[in-house]
Structure formats: C-alpha cells, structure tokens
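Enquirer: Single-letter residue listing:
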Amino acid sequence: MSGNEAIDPAAQARCLVDLADGESGIIRTNGDRKSTEMGLFPGARVAMFRNRKSEHSLVIGAGDARFLISRAIAKKVEIE
Amino acid sequence: MGEGLTVTLVGNPNTGKTTLFNLLTGARERTGNWTGVTVDRAQASFSQKGRTFRVTDLPGIYSFSPYTDDERVARDYLIRNKPSAVINIVDASNLERSLYLTAQLLDMRVPLVVALNQMDVAERHGMSVDPVHLSQHLGCPVVPMVASRGEGAEALKAAVLEIAEARRLPAARILYGDAERSVQRLQLCLIVAADDAGVDSRWLAIKLLEKDPFARGLTEGVFDAIVDEENARIARHTGQKPEAAVMDARLGFIRGLAHDVVRRRLEMKRRLSDIADRLLLSRPAGIPVFLCVMYVVFWLTVWLTQPLVDFIDHVFGALLVQGPRAWLQAAGAPKLVTSLISDGLGSGLTTVATFMPPIFMIFLCLSLLEESGYMARAAFIMDRFLNRIGLPGKAFIPLLVGFGCTVPALMATRTLEQRRDRVLTMLIAPFMSCGARMPVYAIFAMAFFPRHGNAVIFLLYLTGALLAILSGLVLHRTLFKGEVSAFVMELPPYHVPALRGCLEHVWYNLKSFLMRAGQVILLIAVLLSLANAALDWGSAGREQAEARRSAAGRAMTVVLRPMGVAENNWPAAAGLLTGLMAKEAIVGTLEVLYSHADGGTQKERPEQAFDLRAVLRGACESLAVGYGWGDADASRPDAGEGLLAAMRRNFGTRAAAFSYLLFVLIYSPCVAALIVLGREAGWRWMGFAVLYQTMLAWMVATAYYQSATFFSAPARAAVWLGGVAILASAGIGVLHLLGKRVCHEWK
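Residue numbers (the working numbering), protein chains in the order written: chain L, 1 to 80; chain A, 1 to 747.
Where hints are given, some of them may not hold.
To be verified - Computed list of lysine-lysine pairs in BS3-like fashion (alpha-carbon distance at most 25 Å, straight line): (1) A:241 to L:76; (2) L:34 to A:211; (3) L:76 to A:211; (4) L:75 to A:481.
Stated by the list, open to error - Listing some non-contacts, in silico: residues in chain L with all C-beta distances to chain A over 12 Å: (5) 14; (6) 20; (7) 64; (8) 72; (9) 80.
To be verified - Computed beta-carbon distance windows for the label pairs: (10) L:45 to A:695: 53 to 59 Å; (11) A:192 to L:20: 54 to 60 Å; (12) A:236 to L:45: 30 to 36 Å; (13) L:20 to A:739: 36 to 42 Å; (14) L:45 to A:523: 41 to 47 Å; (15) L:24 to A:124: 18 to 24 Å; (16) L:31 to A:679: 33 to 39 Å.
Since the hints were made in silico from the structure, they are not lab data.
All C-beta atoms, glycine included, are put in the ideal place defined by N, C-alpha and C.
Build out the structure end to end from the sequences listed, making use of the hints.
Expert: In structure tokens:
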C-alpha cells in the first residue's frame, strides 16, 4: 500500500497506555530503563489485560510474564 | 581432597532460584512467589566428585544496573568475591527477559554455567528452547532443568565442576554495534586500571560508557576525559545517549539469540491466573474480596492470638518472674539480685515471648498471601487510594504488616524503591495499631466499656488507620512533596501456597525478630529494674522510695492533665513511659503501681506463697475462656477486679479512659521499632517520628477529652480546644517550612 506519506507519523505513534483491553502490539521503543531490563524491551510482544482510565496502573502481559505498570512508565513505551 | 570451590547463584526473581539452591545443597531456604524472597545472601554447600562447593544464593534481580540496592549488592558481590563458577538460572518460558542478565554476565567475564529452568512450563506454553544451540551462542554450558522436580541437578553439578576447576570463561562476547569502536579504544586505555581493580577491562569500558558510578569509582575518575570524548562520538554517530546505544546493542544480541533458539508454537494466551485477575482486579469483585481477605488477616492476627498472648504472659510470668522472685527471696538472695533476675531478665523475656503469637500469625498470613500471589494484587487494589497520599500501591504491604507488629512493617518498606516512599511509609506505619497494644485496649474495655468493648477496640483500630491516612495527606503536602513514583512490578501467577515453605519463612522471621527486638527489650528491662533497685537503695526506707517515685510520676502528669489524667493518677503516666519499651508493658505497670499507690492488699504479694500449679491452671483457664471454651468467671486471676476497680477509681470517667487509649494508640512507637526506624530511615527521621506522633497523640487525646467534657467546664474546654487548634496550625506551618529544607532529599 502506498499512501503512507499521507499519514502523519506522529499520529501513528501509540503508547502502551493507548492499548485497550485485549489489544496487543510490539514494543518499538522504551524510554524507561527499569521496565526495559525487566523484559519490556523493543521487539517484545505485549498484550493489554487491564486498562481503566480511573486506575493509575495497567496490567499487561509480555511473553509469559505479567506486569503491573504505572501509566507514567507506560507512556514512555511506544508500540507499533 | 583439594580446596573448596565457590559457586554463586544469580537470576531473575520467580525463576526458581531458591528452589535450585535448595535442590543443590539440600538446604531449607524459603522459596516464594514474590519478588525479593532472598533478602540477604544465603549460603550452603554441596559436594561433587570429592570437591566441596560453597554456594551463595544472591537476591533475585533483573539486571546489574546501579539503581537499586539489591542489584548493587549482587554486582559488588560477584566482583569482590570472584566465585569459581556462576550459575545463571534462566527461565525457559521467559527466555528473552532472562537473557538480559546473562548478557551482562558475559560482559563481566565470569566462569558461567546457565541453568535453563522451567523447561516444563515453556513446553506447556507452546515453546521449545534448544539448549545445545543456546550453549553454542553463549560459549558456556547450558543445562536444561526442571528444578521443582529435581530434573537436571546432576548434569548441572557436573557442568559446574568442569567450569570451576578449569575456571573457564564463556567464549561469547557481545559486540556493541556503533559503540563497539569506543568500547575497544577505551578498553586499551583501561588494561592496567582494570587489572589493578581486579575486573575485566572490556567490562570496565562498557560500564564507563554507561556512566556507571561504581565503575567510575574503580578508576577514580582518571579516565573521565576520554570517556566523555568517546561518549560524544557515540552520540554523534547514533543520535542516542551512549547508555541507550549500549543497551540497544545488548538487546539486539538478545533478540537475535532468542530468535535462533526459541520456537514458539502457540501465541501468548490467557492463563488461569489471567482469568482470575479479571475478577480479582475488577472493582465490583476486587474490592469486596480484598476487604474479606483483610478482615480474615485481622481476625487471625488480633482476635485469634490474643488469648495465646495472655496465656504466654501468665506462664512465662509465673516461670520467669514470680517463680524466681519467690525462690530467690526464700533463699535469702540480695534484693538487687532478685530484682535483676525476676523483674529485669524475667520480665524482659516474658515481654519478648508475648510478641510471638501475633508475630507468628501475621507472618503466616503474609507468607500465605505472598505464596498465593495475592499480595501483588492487593498492591494493585490499594494503588489508587495510596496515590492520594503520594504513595505507590506497593506501600500497602508494609502498612498491612503494621497490624501485626511495627518492627517487621518497617523492615517491609525495603521493597519500595524510592527513599521518599520508604520514609513516608515508615512514618505512617506505626499508626496501624500493632498487636502489642491489644492487651491495653482489652483491659480498658473490661473496666470501662464492658458491654461495647469490641466496638471500642474496633473504633481504635479504625482511628489508627484514619490517622495514618490523614498524616499521609499532611506529610505528602509538606515534607514529602512530589509526584507519586511510577513503578513496574511483576505479577506472579497464582499458586497454591506450600505450607512447609510458609512455616519455614515464618520461623526465619520469628527467629530474626526475637533476636533483634529481644536484645533491646532485655537490656531495657534490666536497666529499668536496676534503676528501680538503685532508687530503693538510695532511699532511707520504702516510704521514701515510694514518695520519690510518686513525686516523679506526679511531675509527669502535668502535661497529661488536659487529656484527663489527674494528678493522683501518676501510674498512668508511668505506664506510658514503660510502654515505650513495649506497649503491653502498660498493663503490668498500671497493675503494680496502682497496688503501691493505693497501698492495697497486693503490697503483700511478694510474701504470699508462690504456687506454680495454681498459676498454670489459671493460665489454662484463661486460654479456654479466651477461645470461648470455659467459664469467664474463673479466668484472669491477675487482671481481676482489684486492677479494674483501681483503674475506674483513678481515671474516673470513660472520657478520660478513652482519651488515654487514644494516646496509647498514637504516641511514639516502642524502642524496638524506633531502633529499626533509625537504622532504616536515619536517626533524624526517628527523632521526627517520636516528636510528631507524641504531639499528635497529645492533641488528639486532649481534643477528645475536652470535647467530651465540654459541658461540665465550657470555659476550660474552649481554652484547651483553642490551644490544640493553634498548636496544630503551628505544627503544619513548621512542617511546611521543614519541607522546603528536606525536599532536596527526595530528588
């Protein structure tokens, strides 16, 4: 498909917080060192298990592990 | 035959590291389902073909970054001790994540053996890992294992023997892409410095590029200029920070490795734990389940253990205090010796022993919650509430422990990464009414609220929790300003707790608590009894000694009068002082001092014949009544009507009694807790806790008493209430001012 040039690249950048329950994606970049070292590194597939606007943390799965992750950190994780 | 060899076990949390340690050594280390089970290093040995291996189990870590204490400790241990072999336990079902630590071990150039554990779990989840291929890539032995079933242990021991004897280093090296040239250039400059420091020069070069303070310390900053130059070069070429470029290259190596050796047949799918989490983390079910769990913990630790505390108090009191006193007096021992052994040593040991039931139960509950995996979920449930007082959800765990005993609660704050969170949690944890205050509440409830005793006790617990929240709000807005720290926490899968493991954990903690707190309590008990004996010695007679004691006591009531402690009720003030040693000591103090002050019949007690059987029978009856199996009238021989009547006489009103209980609930933590607070947070914060809690206790108790008695003396009450309001405002003002001075500590 051509036409990628018509899409604003900034609009394509999604963060981990943008994933809805049940959605999954692959980490493109992670600006948080601790979570990277814990396994949320670029290329890892993550699935969102719980994302509620009213809650400060998200529950995600990466590989076989499950994590509780603050929104502040999840905002630093870019998904493709 | 031959010298002993050393082996160090390193791995991520929840990879079966402690299980492997126990499997290799036959030790009984506790395994768990919660990050940070191995709090300290554990050591044990095993033999293989005549060689003895000393195995050290390091805390579970995700990396060797210098950002957390446990990671720093593990890295420093490896560098300083240079083990003959390092076993890196790797979770086959989470290989990519585990390999981050492996990659760092490759950089460190240690004699490495990889234990590829949980092969069964990987298989179950549709993954297959090729250990031979992985071994070729890493250039070191890789042993597939299922440690929980003992599979692979012998092969691992054989591999460890081979590597340790030859001290063979892994053949693989990670190449750092755009940063590789800088690594090599720096490495050349560091050969001598690395040799002097006893580390690998390449590792040192990588760490310096990553701006690791430990590595910089090893080179004493001598190479700062060249490091800066290389870092600038990396930044120019990659457009990234050098540490990010190094990390990217490391992650690239891991991805490539995982791609080669892992075959995934199934996509990630929801597990049973995920289904349970959908329910237990949801608002409609999660909060009620959480409240039920907390209620059960509360019930077990408070209500179930209280009769046992009384029982131990009676039995140990008889065997270690009353018995020795009677026997020493009969043998004509000097008064000082009698006082030292029975009132000092005996009372101290009795106090320590009475801590055992609540501590045992709270640790058992905590252990069950950890093992089951529920603890991490409780942290999630509480996250949104604790965020309002500036704390992350993880801080809930120490607060929960505080209901058992403040000492382990303070220790449990170690799981929090930020110092600000740790100190704030340590300051509010003592408001969670600990088990030691229960005997005080119980005796006052019997004396003043015989019909509604349980409601009064529950109200006190609730007041403690509310004050913790209020204090958290105030401290968050004054001394502990700042954003709630972000955190990542692994949610372990739910497990059925292994009772044996839980009991071993409980025993370890109980032993550690008894050793730690016991020493302090014993010392203070002995010093107090010596001071008491010295007062008797230095006085012309018993009357003069009593007069001096009561004069000191009366002086103490001066500040307590606005909260309803009358001048003649000086034993209540003295009780608060001994309560600093251990809160339940307040009851014993009141009992002894009221009998002295009232000149009652109990003065004759030392001369009464000591009947061990009668005391033990009384203790058993008290235990039976406590659990609802016996006749209530036959129990509590010591806490009989004499004490209750004296309390009613001396306190006069329910308002004064409840105000005293409020003070007991809020004022300074006991000495054992203060020592731990000083050690964990710093002596400055310990001083702050004593001052803050004691002033708050006085204000709350005074405000309550003056409000409750407002109509009997409106003018006096208004003055005191106004005084409390002014003091509270001034206190908040001081906290604001102090906040400006200490805020830099949290950056």
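Enquirer: For each hint, tell me whether it holds in the structure or not.
Expert: Quick rundown of the hints versus the structure:
no., hint, in the structure
1, A:241 to L:76, "16 Å, holds"
2, L:34 to A:211, "16 Å, holds"
3, L:76 to A:211, "22 Å, holds"
4, L:75 to A:481, "23 Å, holds"
5, 14, "19 Å, holds"
6, 20, "14 Å, holds"
7, 64, "5 Å, violated"
8, 72, "4 Å, violated"
9, 80, "15 Å, holds"
10, L:45 to A:695: 53 to 59 Å, "55 Å, holds"
11, A:192 to L:20: 54 to 60 Å, "57 Å, holds"
12, A:236 to L:45: 30 to 36 Å, "33 Å, holds"
13, L:20 to A:739: 36 to 42 Å, "40 Å, holds"
14, L:45 to A:523: 41 to 47 Å, "58 Å, violated"
15, L:24 to A:124: 18 to 24 Å, "21 Å, holds"
16, L:31 to A:679: 33 to 39 Å, "36 Å, holds"
Hint check: violations occur at hints 7, 8, 14; the rest are consistent with the structure.
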